[in-house]
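Protein chains in written order, with full-length UniProt numbering: chain P, 1 to 266; chain X, 1 to 381.
Calculated from the structure, these hints are not laboratory results.
Using N, Cα and C, we set each Cβ at its ideal position, and we do this for glycine too.
Warning: the hint list may mix true and false statements.
Claimed, not checked - Covered, in the sense of this in silico footprint (three residues per stretch, anywhere, with C-beta under 8 Å from a C-beta of chain X), are these stretches of chain P: (1) 111-124; (2) 233-243.
Stated by the list, open to error - Every beta carbon over 12 Å from chain X, so not counted as near; a handful from chain P, in silico: (3) Asp36; (4) Gln53; (5) Arg88; (6) Leu184.
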Amino acid sequence: MLDQRHPVPDRNREVIISARGVEVGFGEKTILKGLDLDVYRGEILGFVGASGQGKSVLTRTILGLVPKRAGTIEVLGQNLDEVSPSERRLLERRWGVLFQQGALFSALTVKQNVQVPMREYLNLSDRLLDELAMLKIEMVGLKPDAADKLPSELSGGMIKRAALARALALDPDILFLDEPTSGLDPIGAGEFDELIATLQRTLGLTVFMVTHDLDSLYTVCDRIAALGEGKILAEGPIETLLASDNPWLRSYFHGKRARAAMASGA
Amino acid sequence: MAQSILAQEPQVKIERAGDRVTAKLAGHWTAEHAEMVEPLAGEIAAEAGQHHVILDLAGVGRIDTLGAWVLDRTRHELGERGLGADFTHASPEQQILLNEVAYRGFQEQPTVRRSKAVDFLVDVGKSVAGAGRDLVDGVAFLGELASAIVRVVTHPRRFRGTAVVNQLEQIAYRSVPIIVLISFLVGCIVAQQSIFQLQRFGATPFVVDLIGILVLRELALLLTSIMVSGRSGSAFTAEIGSMKMREEIDALRVMGLDPIEVLIVPRILALVIGLPLLTFISSIAALSGGGITAWLYGDVSPDVFLSRLRAAVGMNTFLVGLFKAPFMALIIGIIATLEGLAVEGSAESLGRHVTSSVVKAIFMVIVLDGLFAMFFAAIRY
Chain P
1 MLDQRHPVPD RNREVIISAR GVEVGFGEKT ILKGLDLDVY RGEILGFVGA
51 SGQGKSVLTR TILGLVPKRA GTIEVLGQNL DEVSPSERRL LERRWGVLFQ
101 QGALFSALTV KQNVQVPMRE YLNLSDRLLD ELAMLKIEMV GLKPDAADKL
151 PSELSGGMIK RAALARALAL DPDILFLDEP TSGLDPIGAG EFDELIATLQ
201 RTLGLTVFMV THDLDSLYTV CDRIAALGEG KILAEGPIET LLASDNPWLR
251 SYFHGKRARA AMASGA
Chain X
1 MAQSILAQEP QVKIERAGDR VTAKLAGHWT AEHAEMVEPL AGEIAAEAGQ
51 HHVILDLAGV GRIDTLGAWV LDRTRHELGE RGLGADFTHA SPEQQILLNE
101 VAYRGFQEQP TVRRSKAVDF LVDVGKSVAG AGRDLVDGVA FLGELASAIV
151 RVVTHPRRFR GTAVVNQLEQ IAYRSVPIIV LISFLVGCIV AQQSIFQLQR
201 FGATPFVVDL IGILVLRELA LLLTSIMVSG RSGSAFTAEI GSMKMREEID
251 ALRVMGLDPI EVLIVPRILA LVIGLPLLTF ISSIAALSGG GITAWLYGDV
301 SPDVFLSRLR AAVGMNTFLV GLFKAPFMAL IIGIIATLEG LAVEGSAESL
351 GRHVTSSVVK AIFMVIVLDG LFAMFFAAIR Y
């Protein structure tokens, strides 16, 4: 897998998401304190940090679900504070989001879930709509008979896959994954990582992945950003983070579990 | 700007050379242009005639799964006509995508032909069977509830007094204002209409008898029951239903707690205690409304109203109304609980069950009231 990694990021690569001085807080508490982060086109960025440090908050801020107090966020070259509502809708078509719990619409079947964004945004014939939904469902590794099941009838792994199929419905440029492998068994998690890497290669996606899974960090992420104290502590390929002398990063990447992951990943 | 958009639109140029047709594709074959991609692909298939087709991707700017799928589908369809088609000048990324989507037919769901008459009969049959099942479930649940109450009574330490008091506050205390208000207004309206009719016979003072008996026997109870099933019955169903969705009921069970004892007995007890109290309050409010209206419209002064009321209404009338209240409470509680426990995984299912909880409860309250009316008429009470 190592050879698929991109070289050390350089400033010539196209920046697809750029956050500058982002500050987010709730009430008295400030979670993100002037955070800067770049995501480059075509990479898989792993985003790590201790629980409660604001990984999900940053994701939700980029997606516009949480208001920020200061700073700018640019996605695909457009400042999110300055875009008009119609430009924003165009932008939202170009990202897909996999929520931690899947967030599938519980009243719709898997196929209907995948078709929701397609129906909303695209003008497709019924035949093509069905075929594309089935294509996405197969691409994420679900069996065709899962298409007509309701989310309540699916296992945890299948829910993640179905939610991924929905996130991919509009062929997005950017894919946000919030802890994609949490709640999956190690084999399932490994398969899911593979799946993300394959899809990233075939569809040319940029992937922003919030994760705690050290195996994912080792196997699929091109670059890793670590969040702590409201800022980015370190970013770069895994070697850079391994070499960091930040205490939290040291215990994160050199703990018992990390050594096991390194042994199996390397 | 206009030009660049034009350049992005998918385009096809058909070139014929000997027995080959070359379709030169250009522009963006992506989901944004879905409404153009499909007809263009159809055009290629139509133009092919009886020739081998080359799909030249050299000019294609961007292609996504939709474009790749439609193109590969076209290639496949040409192949089925015995013509054959190939891609050329696909970039490595495009080739990966084309290989990944690789057209395959998905088996179509066989659409079953049905007649409307049969559908209607099936619906009727299902509703009848559903109603029968509801009845059986209701009786079975009544049994479960009774055994839970017996357990609680025999082991008083398992009685959850705090929960009952809390539910009493939610069900009874907090609905006092709204029940007083609607009962007062309904009392006014009934009194006013009765006075208009009775005036024609010169029997205005009888409005007191009419109001007194109607309110105490039927109206106060019906108003209260309907209000409580709308207010508290729906809340029960939603609470129990969402607890079931989130596996909280299972969590109680594995901790060795009986969900019926913990969740349902306190609620139903609170209903059984609260509904008669509310009925009494509702009666008083409706009588006051009736009294004030009788004074304003029928010149029946308050002391005349009170003395006529004492003469017209016996203790039995008052007791009939009160006696029915616990049964209504039981019906509302059982229906609300059963509907809550029937909730499945989806938000839609929760909504459906809350609705049917309220509808069924109101329906059953009215049916039961009718049965009671017949019963009390038969025993002349």
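Okay, the hints, checked on the actual structure:
no.: 1; hint: 111-124; in the structure: holds (count 5)
no.: 2; hint: 233-243; in the structure: violated (count 0)
no.: 3; hint: Asp36; in the structure: 30 Å, holds
no.: 4; hint: Gln53; in the structure: 27 Å, holds
no.: 5; hint: Arg88; in the structure: 16 Å, holds
no.: 6; hint: Leu184; in the structure: 19 Å, holds
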